[in-house]
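Peer 1: Counted from 1, the sequence shown has number 487 at position 487 by UniProt numbering; the numbering is strictly sequential.
Keep in mind that the hints were calculated from the coordinates and are not lab data.
Check the hints yourself; a few may be wrong.
[Stated by the list, open to error] Label-pair ranges, simulated between beta-carbon atoms:
hint	residue 1	residue 2	range
1	Ala587	Gly447	54 to 62 angstroms
2	Gln23	Gly279	28 to 36 angstroms
3	Thr313	Asn193	46 to 54 angstroms
4	Lys149	Gln499	25 to 33 angstroms
5	Lys216	Leu480	33 to 41 angstroms
6	Ile471	Thr93	54 to 62 angstroms
7	Tyr191	Ala587	50 to 58 angstroms
8	Asn193	Arg599	15 to 23 angstroms
9	Thr516	Gly447	49 to 57 angstroms
10	Thr42	Asn193	22 to 30 angstroms
[To be verified] Derived DSS-like pairs: lysine-lysine, alpha-carbon spacing no greater than 30 angstroms straight-line:
hint	residue 1	residue 2
11	Lys244	Lys445
12	Lys352	Lys244
13	Lys323	Lys307
From the three backbone atoms N, C-alpha and C, an ideal C-beta is built for every residue, glycine too.
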Amino acid sequence: MADIIRLLPDHVANQIAAGEVVQRPASVVKELLENAIDAQSTDIKLIVKDGGKTLVQVVDNGMGMSDTDARLSFERHATSKIQKAEDLFNLHTKGFRGEALASIAAIAHVEMMTRTGDDEVGTHIKIEGSKIISQEVAVVPKGTSMMVKNLFFNIPARRNFLKSDQVEFRHIVDEFHRVALAHPQISFSFYNNGSDVFNLPGNDFKKRIVQIFGRKTNEKLVPLNEETNVVRISGYIQKPEFAKKSRGEQFFFANNRFIKSPYLHHAVLGAFEGLIRPGTHPGYFICLEVDPATIDINIHPTKTEVKFDDEHTLYAYLKSTIKHSLGQFNVAPSLDFDKDQNLETPYNFKDKAVSLPSISVDADFNPFEKSRAPKESGYSRQPSAKGWETMYQGLERKLPQRDIGILEMESEGINSSIFGSSADTAETITTTFQLRKKYIVSTIKSGMLIINQSRAHQRVLYEGFLRNITIKEAVSQQLLFPLTLNFTRGEIAILMEIQESLSAVGFVFGDITSETVEVKGVPVVVTESEVQMVMEQLISDFQMELEEDSFSQVDMLAKTLAKTLSLKTGEVLDQRSQMELVNDLFACKESALSPFNKRTYTTITESDIDRKFI
1 MADIIRLLPD
11 HVANQIAAGE
21 VVQRPASVVK
31 ELLENAIDAQ
41 STDIKLIVKD
51 GGKTLVQVVD
61 NGMGMSDTDA
71 RLSFERHATS
81 KIQKAEDLFN
91 LHTKGFRGEA
101 LASIAAIAHV
111 EMMTRTGDDE
121 VGTHIKIEGS
131 KIISQEVAVV
141 PKGTSMMVKN
151 LFFNIPARRN
161 FLKSDQVEFR
171 HIVDEFHRVA
181 LAHPQISFSF
191 YNNGSDVFNL
201 PGNDFKKRIV
211 QIFGRKTNEK
221 LVPLNEETNV
231 VRISGYIQKP
241 EFAKKSRGEQ
251 FFFANNRFIK
261 SPYLHHAVLG
271 AFEGLIRPGT
281 HPGYFICLEV
291 DPATIDINIH
301 PTKTEVKFDD
311 EHTLYAYLKS
321 TIKHSLGQFN
331 VAPSLDFDKD
341 QNLETPYNFK
351 DKAVSLPSIS
361 VDADFNPFEK
371 SRAPKESGYS
381 RQPSAKGWET
391 MYQGLERKLP
401 QRDIGILEME
411 SEGINSSIFG
421 SSADTAETIT
431 TTFQLRKKYI
441 VSTIKSGMLI
451 INQSRAHQRV
461 LYEGFLRNIT
471 IKEAVSQQLL
481 FPLTLNFTRG
491 EIAILMEIQE
501 SLSAVGFVFG
511 DITSETVEVK
521 GVPVVVTESE
531 VQMVMEQLIS
541 DFQMELEEDS
551 FSQVDMLAKT
561 LAKTLSLKTG
571 EVLDQRSQME
581 LVNDLFACKE
591 SALSPFNKRT
601 YTTITESDID
611 RKFI
């Protein structure tokens, strides 16, 4: 039998490795920014076009590379970060695998211009699909400029899997946030399609958080600071009242590297237990400093998954540190039965001198004197305005009389698809009752009908919102006092994308800045107290994957609004509300399924009931 095992060519091996290292343009941004940080840069610029599909460029003022190093950096497993296997347990750099540049060069057009501080001229290299097109001497500033163009140009299948420019841009913003937060001392600039997105001068950690997430974030933060023999914990958590339904402001950093750890996230949730509403997520920016020998970063090429030697101890320290900070800053309620609250001195009185209280006595006071004029006080009663009745002259005309009777709702005929035969079409549902505050049960000719009230209401609202968006004739109620809601720049960008669809549903917007949104009107089915919750849920859903098709955006918007505003399990409905919900459900085009393809009702026939008694 002939030999069949062969070594793969380098360009094929690089393309295979690229599938794991470079998943989307955001992966390229992460690798290039980390290389710039490892080069001891103090000023880094990120330039992106078309969601990173056309161009990703990172310019830094770091050490630069010689012409030999510039050429060698694109070879597989070529790195300056480590030299032997033991170095993996003493890492102080972002990269160490030597795969990033080789993988990027295998699936894109790459141009690199670099110069060290000792050289008078630099190097300009062009690579296309792992093939070096040219390498020449060039006059360039100190540092390195990496340009990655036409990502996945030689792998059309991978390029087709990329999402819309807006979705890819949001992933890039997420990666930028992670790197910029981990290194607040470095200045970062971010440009998208020629416009300035972020301009972050070097600062401390708290100011960097405020720079990225807005000025209002400053009042939400509670500091963390704890040092043990295992870990040093620092950073900030957000106050419990600012917990959101959407994720996005949860950051763990281990030795200045962003990591994902569901285990440690559970520790944070445990510390906030009882302080936040169910289904909401607290925001946190937590930095962990551990001995490099006790952490394994080499789990996955993205290096966001790590392993700690003693995770259980780390879990306990983190949970107790957060609880301590919440109690120390009077965020969490605490009871001390041995402490007299009357002896506490307010902070604004602690520096004041103690003085005896002064007492004034009225020697002429007679409690039995009725005509005694009262002492002057700080409040003076204004004389009543005379002639106020004239304001209403001419308004005596009678308003047209209307028949204020019981409001009757019109609905289409009940969908006959739920009934057993054509003879059942004439029957109508006349009696209903609520079971366990979750189901609406009614008798029909063929047996019994059981409706899930939450899913049924979702279907009714979903089709109503779809009609409003497509026909654009939604009814809006104006707010007497407009609401001003605070969001991050990324969240504002999402709301700007769907603003037209939201207006079609019934939302009316005022001024929209980089951090705030003014809401002047809301749909009739939305109360003023629900506006913040609805907006957060919309942002959370749109942060997930979104197709290019415009209908997908409209459909997702209608589903999100229906899910957020629908009846929930546990809500009590009166007889009339139950009947209206049933009638509205069977007036829908698709009454059997909710917007999320879950059954809205089921029927139990008389024969099914009879079989239970056999």
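Peer 1: Is it true that the C-beta distance of Lys149 to Gln499 lies inside 25 to 33 angstroms, as the hint says?
Peer 2: holds (32 angstroms)
Peer 1: Between Tyr191 and Ala587, is the Cβ distance one that fits in 50 to 58 angstroms?
Peer 2: Given about 52 angstroms between the Cβ atoms, the range holds.
Peer 1: So does Thr42 sit 22 to 30 angstroms from Asn193, Cβ to Cβ?
Peer 2: The hint (22 to 30 angstroms, Cβ to Cβ) holds, given that Thr42 and Asn193 are roughly 26 angstroms apart.
Peer 1: Check the following: the C-beta atoms of Ala587 and Gly447 are separated by a distance inside 54 to 62 angstroms.
Peer 2: violated (22 angstroms)
Peer 1: Can you tell me whether the CB distance of Asn193 to Arg599 sits inside 15 to 23 angstroms?
Peer 2: violated (45 angstroms)
Peer 1: Note whether the CB distance of Gln23 and Gly279 lies within 28 to 36 angstroms or breaks it.
Peer 2: With a Cβ separation near 29 angstroms, Gln23 and Gly279 satisfy 28 to 36 angstroms, so the hint holds.
Peer 1: State, for the Cβ atoms of Thr313 and Asn193, whether the hinted interval 46 to 54 angstroms holds or is violated.
Peer 2: holds (47 angstroms)
Peer 1: Is the Cα-Cα distance between Lys323 and Lys307 30 angstroms or less?
Peer 2: holds (24 angstroms)
Peer 1: Does the Cβ distance between Thr516 and Gly447 fall inside 49 to 57 angstroms?
Peer 2: With a Cβ separation near 55 angstroms, Thr516 and Gly447 satisfy 49 to 57 angstroms, so the hint holds.
Peer 1: Is Lys352 within 30 angstroms of Lys244, Cα to Cα?
Peer 2: Violated: Lys352 and Lys244 sit about 41 angstroms apart, past 30 angstroms.
Peer 1: Per the hint of 33 to 41 angstroms, is the separation of the Cβ atoms of Lys216 and Leu480 within bounds?
Peer 2: Check failed, 23 angstroms falls outside 33 to 41 angstroms.
Peer 1: Is Lys244 close enough to Lys445, meaning Cα to Cα at most 30 angstroms?
Peer 2: Distance of about 47 angstroms is beyond 30 angstroms: violated.
Violated hints, in rising order: 1, 5, 8, 11, 12; the structure is consistent with all others.
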